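> Could you put the whole structure together from the sequences, leaning on the hints where they help?
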Amino acid sequence: MDLSKITETLISGKSDELKKLVEEAINNDVKPADILNQGLLTGMDAVGQKWKAGEMFMPEVLRCAKAMSSSMDVLRPMLKDDDIGNAGTMIIGTVAGDLHDIGKDLAAMMFEGAGYKVINIGIDQSNENFVNAVKEHKPNLLGMSALLTTTMPRMGEVINSLKEAGIRDQVTVIIGGAPVTEEFADEIGADLYAPNAGTAVEITNEYLQNK
Amino acid sequence: MINRTNYTVQQSPHFEILSENQKERIFNGMMRTLQYTGAHVHHEKARELFKKAGCKVDGVTVYFPPQVILNALSTVPAVTEIFPWDGDDSKRIIIEKKRSYFGPGPTPPNFIDTETLERRKYLRKDASLVARVCDALPNIGYVQSLGSISDVTNGLADVYEFADMVRNTTTPIMSWSFTREGCHDIHRMGIAMAGGEEEFKQRPNYVFYGEPISPLVSDFHAIDKCIYCAEHRIPQVYSPCAIGGGTVPASHAGQLVVALSESMVGVIASQLINPGTCVIIGGVQSILDMRYSVYSYGAPELSLLSAALTEMVHYCNLPMYSTAGCTDTKKMDMQSAMEASLSINAAMMSGANFVHDCGYTESGLTGDIFQTVMDDEIIGMARIIEKGVEVNEKTLAIDQINNVGPGGHYLYEEHTMNHFKDNWMPSLMDRNSYEDWVEQGSKTMKDRIIEKTRDLIENYEGPRNKVPEKADNEIEKILQEAEERQKKEKK
Amino acid sequence: MKINQKINKSTKFKVLSDDQIEMIYYAALEVLERTGGNVYHDGAIELFKNSQAVVRGNNVRIPSFMVEEALNYYPSKITLAGRNKKRSLHIQKDTVAFGTGSDLPFTYDRKTGERRRTTYKDVNNAAKLVDALSNYDFLMSHGIVSDAPNPQTYDRHQFMAMLEQCTKPMVLTSVDGEGLEDLWKMGCLIQGGEEEFKLNPLFVAYIEPISPLKNDRTAVEKLLFAAEKKLPAMYTPCPSAGATAPATIAGMLVQSLSETLLAIVLCHLKNPGTPLIMGGVTTVLDMKKSTYSYGAPELSLASAANTDISKWLNLPMFSTGGCTDSKILDEQAAAEQMMNLFYSYLSGANLIHDVGYIDHGTNASLESLVLNQEMMGMVKQFGKGINTDDDYLALDLIEKVGPSGEYVTTEHTFEHWKEWFLPELQDRSDYETWKNNGSKTMLDRVKEKTQDLLDNYETEPMDEKLQKELKDVIKSADERHS
Ligand code: B12
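Chains as they are written, first to last, in the working numbering: chain A, 1209 to 1419; chain Z, 22 to 512; chain X, 34 to 515.
Calculated from the structure, these hints are not laboratory results.
What you are looking at is a predicted structure, and each value in this text was computed from that prediction instead of being measured.
Just so you know, even glycine gets a beta-carbon here, dropped at the ideal spot from N, CA and C.
Pulled from the structure, derived: some chain Z residues nowhere near chain A, Cβ distances all over 12 Å:
1) D107
2) A157
3) E502
4) R506
Straight-line alpha carbon distances no greater than 20 Å define the calculated EDC-like cross-link-like pairs of lysine to aspartate or glutamate that follow:
5) Z:K512 x A:E1365
6) X:K321 x Z:D457
7) X:K144 x X:D485
Selected chain A positions facing chain Z (Cβ under 8 Å, derived; list incomplete):
8) G1262
9) F1265
10) M1266
11) P1267
12) L1307
13) I1310
14) L1314
15) T1357
16) T1358
17) A1386
18) P1387
19) N1404
20) A1405
21) G1406
Now the structure itself:
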């Protein structure tokens, strides 16, 4: 089966059609890993490139991301752990005392678009909630957002709590939000920082590949 | 002398975005939204208050029937005044329709260092600097800090900011706080500066600023502070930062409906608590840039939405807190100027009461006092348009035209002597000839802005020495108590 | 659906009440009856003498009834077509078109950063940019061709420089009546003859009186030629309050209106129905520096008020915007240009010229033309107003999303965000992205885009035979004047 059709449909953001194509491929015994890598992820890569070049805009990118994640719902149960590669599970939330929502949501959607299973735990999340979520869902990626200089330190606290719970090594920590910087990420011992949702996935994937 | 009857003049240009029918549609949209979609209110006491007033409450969602909204709107005051603490009435603010006061904005994390011109964290010393410079600027009518202080005890940036600013400017301040405690501290400082509680009630000297969350959410602290201000009759702003295509619909009319609705929750709460207390709505209204996913502070849509919302808010007989003078640039350049120029002129024409964010750069992430100084000049220009064209026997100048006759000139005319000073005199805009400009060092406007700002910083004292000793001590005491409270809380 | 709804489809802006306009109008009539204007052209004086006007030497006083009779004959619609034959410029009530100004003696040299004399090539380049940039609807020469063989015929060369690189309609200045006749001949060649030109005029003739109230020979020659051929023309005073007009804006408007009305009567006497456009650069003289200000807020205010008057008179309006006193492209240039673009657009003037002027109308800058493209886009976006149709009010959507929801992924956003202004030169990236892309300023981006357009844009070429015919007209003019 020609997987480029999947790629094209994904790029055009047609959710229902894409799902049908993915189901069809599964029924035709195409290897799930191939559907993911040669079909879907190739498409999302192209979307990422187009976004970077200014040829695509957020609503279009998100539409592709939505299509991607609804196909992943179908595909995910078929995939073996190894197949998934980078596209694992992610926990994302805004830290305690911070009610800024939409930037974090955008980041979440981008990761969903890259094939991640994203669990968005919402705004104003206590350190404990972050730790518990990691314990419960065993994600390979933890994303934290803060838009206030006063709540930024909470991200460091969460990292410390993860250490205390002995699970810091299980997850890669990425942080973001308008006042956050690369230096701050280093300071608190986060693994990654992304200045915007668009580049977050690329930065993460690059890091995970080299890990 | 010609006698004239039945004669109408336009004192100021007529500017209108929405027709009566359109305003009605948006207003009714707000009423329907509050009635059927409702709003989340994360504050039990507030929910009870609403319930008692006749609202339906279901979990955290409150549904407001039209009558509750209309009742609230019927008790908001038509005029409120804010008084400079030194009694200088030239800086008095009268909050009523079609009077505009421009000022900076609150709380960006970064600041452009006035010496290095580099972006860095906002520090305590910046608050008094901003207050002092704004005190000197003729077109800045009220003051906000342009940053959140990063080098004081965590959680006290709000209180320190007010303490330092109020002692460095007599121009009324718009303050903010994290929680009710900070709100209370600031209130006490306001009282100290006014010389007593009764005096403060009679002559309030600041406005408080708080925000609901789009779409349609009032979090605990926001409504808690709103209640505090209402209880103590502190004039307050309750306005969201709505992000078109993000937290509100991408269509402007939809954005206006949501922004009005969520603000109305604060209006209703304040009027239920204390009918007749001053409440101002509006906020930042702009769009999510779909290329960079940044909340744009320079988009033309910001100007359009803000002007349209001003019309809506005035339609509700409420005062408007609008936005202008801000930009998406990272470093001052032509983009800063063109974006500020558009938004300031639009805000001026709309007649918004308070216009904030003069000095916001990098989409609200960096405060820049140089931008405020530039905005001050642009506001001055916009005021000329606001004043309109005076048409009467004197200004029509038929006699002078006749005296001068074809081919003459007006430079020697008495009429010119009497009137040329009505024209605007620039302080930063250069009108030299090319040769003179080169002679004077080929300076760009940015060069001149930096010079002027640094000159003010160095040479303009501000009212710091005029602060009554008693008030000064009281403020220090309040700061100390706040420190202790914060220590206790940490434990 | 709701019925009986009155909807503002665009932003409304008006400086003067009708009563105020009337007062200015009556005052202008008063000036024409009492003071009159001076006309330095024998033919015109003859025309006035044979009418009800009162002529004393060169002074002409005009009774009001003559003005009002003349006003009845003026067309309220003029449609222009560029050399590409597209009828693209409709001058009629409430339409707005942007264009450059003309004849700037200096040019900001992009290599040296200094100013120097403007050349044929500069005009050529300006024409190219105007052709390429979508927000420009008409072209004026921007700079003046100072390297023409003879200053007496520079206007024909300038027209050629413009035609080579621009297919859009134009507004042309000319040396004198003879010059205008040559330009008209060239226009007729392009549009396919005199008759076709009448229906598809390629340009408007720019003519100006000398404030206060003086009409020199060449201006009147041009006016009379335009009237004879029914060539669209504008008679645009450039008064400066306090120097060549009263220091008050109302007085300046009275005076420039009388100047316009005199021309209207004259054209009417010559040939009723001349398509005449009202105009003006109405601004102040800076009393400290004694420069004619192109950035003053009074320019915006007076121009908008003047436009109000033109609409009341039902005459098309030629106004001013996009210009600055700044010597270079800097914050001042951006602030002033944006401001006068904003008000001229909102006022609804039909033709807005001088877009791109810097250095109070003495210096040409290609980069300024590019900068203004973005600003015109922003201003137009603002002028669009608010749509309140059901789909835009979006009440159902608001209910569906509910409190604390999100709109980015809704179909509604996907459809409507495209109605927003899409910046080309404004930077809205986050700090990091901006830094990684080289910390560019607006000026950097403007420069890049200017260079890119000059290098890569190609204007639709002109027919070679036609070019030759046009050059013949120019050549014979040069010969006549050598
Ligand atoms: C909208 C807004 C609000 C709304 C939020 C509504 C909502 N539903 O989210 C409301 C009105 C509620 C609000 C409240 C407050 N706000 Co606020 N707010 C903003 C504003 C204007 C825009 C934020 C935004 O949504 N931007 C658009 C999104 C898409 O961008 P973003 O969030 O930055 O996210 C991008 C990246 O940062 C990144 N990203 C974000 N998170 C993550 C996470 C990961 C893992 C990754 C990889 C990437 C990533 O990707 C996103 C897309 O590219 C900013 C100014 C600004 N320009 O940032 C101020 C701002 C953040 N707020 C500020 C302040 C001070 C407050 C208040 C304290 C004000 C008050 N006095 O009440 C309260 C605090 C409430 C609270 N406890 O949180 C300050 C912060 C100052 C500081 N020193 O930290 C700012 C900078 C404004 C200012 N200049 O004053 N605010």
